[in-house]
Amino acid sequence: MKNKELVCGNIAFSEAAIRGGCRYYYGYPITPQNEVTSYMSSRMDEVGGVFLQAESEIASINMVFGAALTGARAMTSSSSPGISLMQEGISYLAACELPAVIANVMRGGPGLGNIAPAQSDYFQAVKGGGHGDYRLIVYAPSTVQEVVDYTYKSFSVAEKYRMQVMILMDGLLGQMMEPVVFPEMVEFKGIKSDWSITGCKGRAPRLVRSLFLGRGVLEDHNKKLQEKYKKAEETELKYETYKTEDAEVLLTSFGICARFCRKAVDLLREKGVAAGLFRPVTLWPFPGDKLFKVAENVKKIVCVEMNAGQMVEDVRLSVSNPEKVSFFGRTGGGIPSVSKIVEFAK
Amino acid sequence: MKTLYKKPESLNDIVTHYCPGCGHGIVHRLIAEVIDELNIREKTIGVAPVGCAVLAYNYFNFDVTEAAHGRAPAVATGIKRALPDNFVFSYQGDGDLAAIGTGEIIHAANRSENISVVFVNNTVYGMTGGQMAPTTLVGQKTLTSPGGRSSCTAGNPVKVCELLAPLEGVKYLYRGAVSSPSKINTVKKAIKQSFEIQLAGGGFSLVEILAQCPTYWGMTPCESVKHIETELVKTFPLGEIKKWKKE
Ligand SMILES: Cc1ncc(C[n+]2csc(CCOP(=O)(O)OP(=O)(O)O)c2C)c(N)n1
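Residue numbers (the working numbering), protein chains in the order written: chain A, 1 to 346; chain B, 1 to 247.
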């Protein structure tokens, strides 16, 4: 058996990124993900990678842009306000089809908010965030082991579609320690591609840009992006169900909050309520068709989130019985307790 | 027969979109000539700005990318850190470098990123239609300073070279102009110096180039050239602002 290591979510995704071949990390300190910059600053040295503490999140994401251009595996991470600053850069990455990984360890907002865990950047992550018609693949892990697993594979997924992957966590998952097994170190030698910018020795010069002037040129580019998003939508979908076969009360939740709901399902069942849980693992693509089927015969659907009601909009859009959907959540860093979830759902 | 003058290999043979009398085209050619002379075309990566020169990527015959407005130094940092053996330069206007991108240029300079920056100062925002730039002269009329720039409300022109000079990471600074053949020749020498510093692993350098913008100065090309030599140079003195000392 492989050795288990006790680490917090922030260290988990840092190490998983390195195991996944990431050798370029650019970031700016912000709570609750400060473990990342300090870990990366020494770990990148050990593996011969580059860590740079940028002057801002705007600079971080643009440094990631530069590294990704060369075909390297690059990432940045931050928490909510910093991710807001990165939105223009993420939009440019999307337009230029540069694979990159971005982790958001969400904290309470809006504004400077607080440093308590929250899930209130759901809209920003899955509905665009920055300008233009683009999508991110968004993973919402709910255990520290899942943080490791999804971060590790996110680089190859990003490269497969030339898309950007966001690991959407919250301050609780970032800070919480759990035993995990880290995967093997990937031997990544850089992408061999027909698009990376490496100097034109032995080939025609290349251009990576996001400006598309001329009638219809941008529309054609956007159509190409949409086609690839459609492919990703069909193949990268991930979700989890728990005791949904005979469920009459269906809880829907993502990330850390889904763990509270899992416990609530058990407690509800002890009370004789046939409860179940549907948990999207990818928030984009959203597993709407799967949810539709699971929710078809239930009497009640309760969406639980650590925000004022964001994913619940996608839940309502997905099911055949939106009038049965209700929302239970806390915002501004509040954490819904299992007993309150049970009380609301029963 | 001896060829005295030809199109540099690093420049594509196409008509540019620049206005008549614009300085950008001259600067493009100087960069291309230097890259040819140093024989580094195949390892060059250019980072184009958002500004009139965004389309520079169509004119250069080597790998080019385009950064978000003001972020070219950060993008160049990302490229150079991943490919330290390549030659990386950013090409930026005064709005791009001295307004929205002030943070990125100062910190790339302070880290002494081993990159070269070609900074084209035409004292206006060309691409967006002639608004005031951080480098606009006091009294200069622009779309957003119709009565002339007032230093009381808009501050004084930002002198980028003088601002960067005290930073230890900055290894070479030169301010030139493309307003006469002799000045163009000295600018070319400065660009070459900057590029050679990077090739020798010397660190950050920047060449500021005063360039004419007849369209948004409301002048003929000839008047614009004169305007540089009589007016711009008073605010932006020409010459070596920081000498390269080989370490
Ligand atoms: C974030 C952002 N803000 C504003 C713009 C609009 N914009 C494009 S170019 C430009 C100014 C360019 O001026 P300068 O850098 O002086 O270059 P020039 O066009 O004069 O060569 C502005 C404000 C933009 N593209 N992106």
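Take these hints with a grain of salt, some might be off.
Here are a few chain A residues that face chain B, going by a calculated C-beta distance under 8 Å [unchecked claim]:
| id | residue |
| --- | --- |
| 1 | Arg43 |
| 2 | Met44 |
| 3 | Glu46 |
| 4 | Gly48 |
| 5 | Leu69 |
| 6 | Pro81 |
| 7 | Ser84 |
| 8 | Leu85 |
| 9 | Gln87 |
| 10 | Tyr92 |
| 11 | Tyr239 |
Computed list of lysine-lysine pairs in DSSO-like fashion (alpha-carbon distance at most 27 Å, straight line) [to be verified]:
| id | chain 1 | residue 1 | chain 2 | residue 2 |
| --- | --- | --- | --- | --- |
| 12 | A | Lys201 | B | Lys226 |
| 13 | B | Lys192 | A | Lys192 |
| 14 | B | Lys6 | A | Lys201 |
Rather than coming from a laboratory, the hints here were simulated on the basis of the structure. Glycine included, each C-beta is placed from N, C-alpha and C at the ideal position.
Hints versus structure:
Look at Arg43 of chain A: its Cβ only gets to about 16 Å from chain B, farther than 8 Å, so that hint breaks. Annotation: Met44 of chain A was flagged as interfacial toward chain B, and the flag is violated, the nearest CB pair being 11 Å apart, outside 8 Å. Look at Glu46 of chain A: its Cβ only gets to about 17 Å from chain B, farther than 8 Å, so that hint breaks. The closest approach between the C-beta of Gly48 of chain A and any C-beta of chain B is roughly 12 Å, which is over the 8 Å cut-off, so the hint fails.
Against a cut-off of 8 Å between C-beta atoms, the interface hint on Leu69 of chain A holds, since the closest Cβ of chain B lies about 6 Å away. Because the beta carbon of Pro81 of chain A sits about 16 Å from the nearest beta carbon in chain B, more than 8 Å, this interface hint is broken. For Ser84 of chain A, the interface hint is violated, the least distance from its beta-carbon to any beta-carbon of chain B being 15 Å, above 8 Å. Violation of the interface hint for Leu85 of chain A is found here, the shortest Cβ-Cβ separation to chain B being roughly 11 Å, above the 8 Å cut-off.
For Gln87 of chain A, the interface hint is violated, since its Cβ never comes within 8 Å of a Cβ in chain B; the closest pair sits about 11 Å apart. The criterion of a C-beta within 8 Å of any C-beta in chain B is met by Tyr92 of chain A, whose closest approach is roughly 5 Å, and the hint holds. Among the interface hints, the one on Tyr239 of chain A is violated; its C-beta lies about 35 Å from the nearest C-beta in chain B, farther than the 8 Å criterion. As the CA atoms of Lys201 of chain A and Lys226 of chain B are separated by approximately 42 Å, the hinted pair breaks the 27 Å bound.
Restraint check for Lys192 of chain B and Lys192 of chain A: the C-alpha separation of about 32 Å exceeds 27 Å, so the hint is violated. For the hint pairing Lys6 of chain B with Lys201 of chain A, the CA-to-CA distance comes to about 22 Å; that is within 27 Å, so the pair holds.
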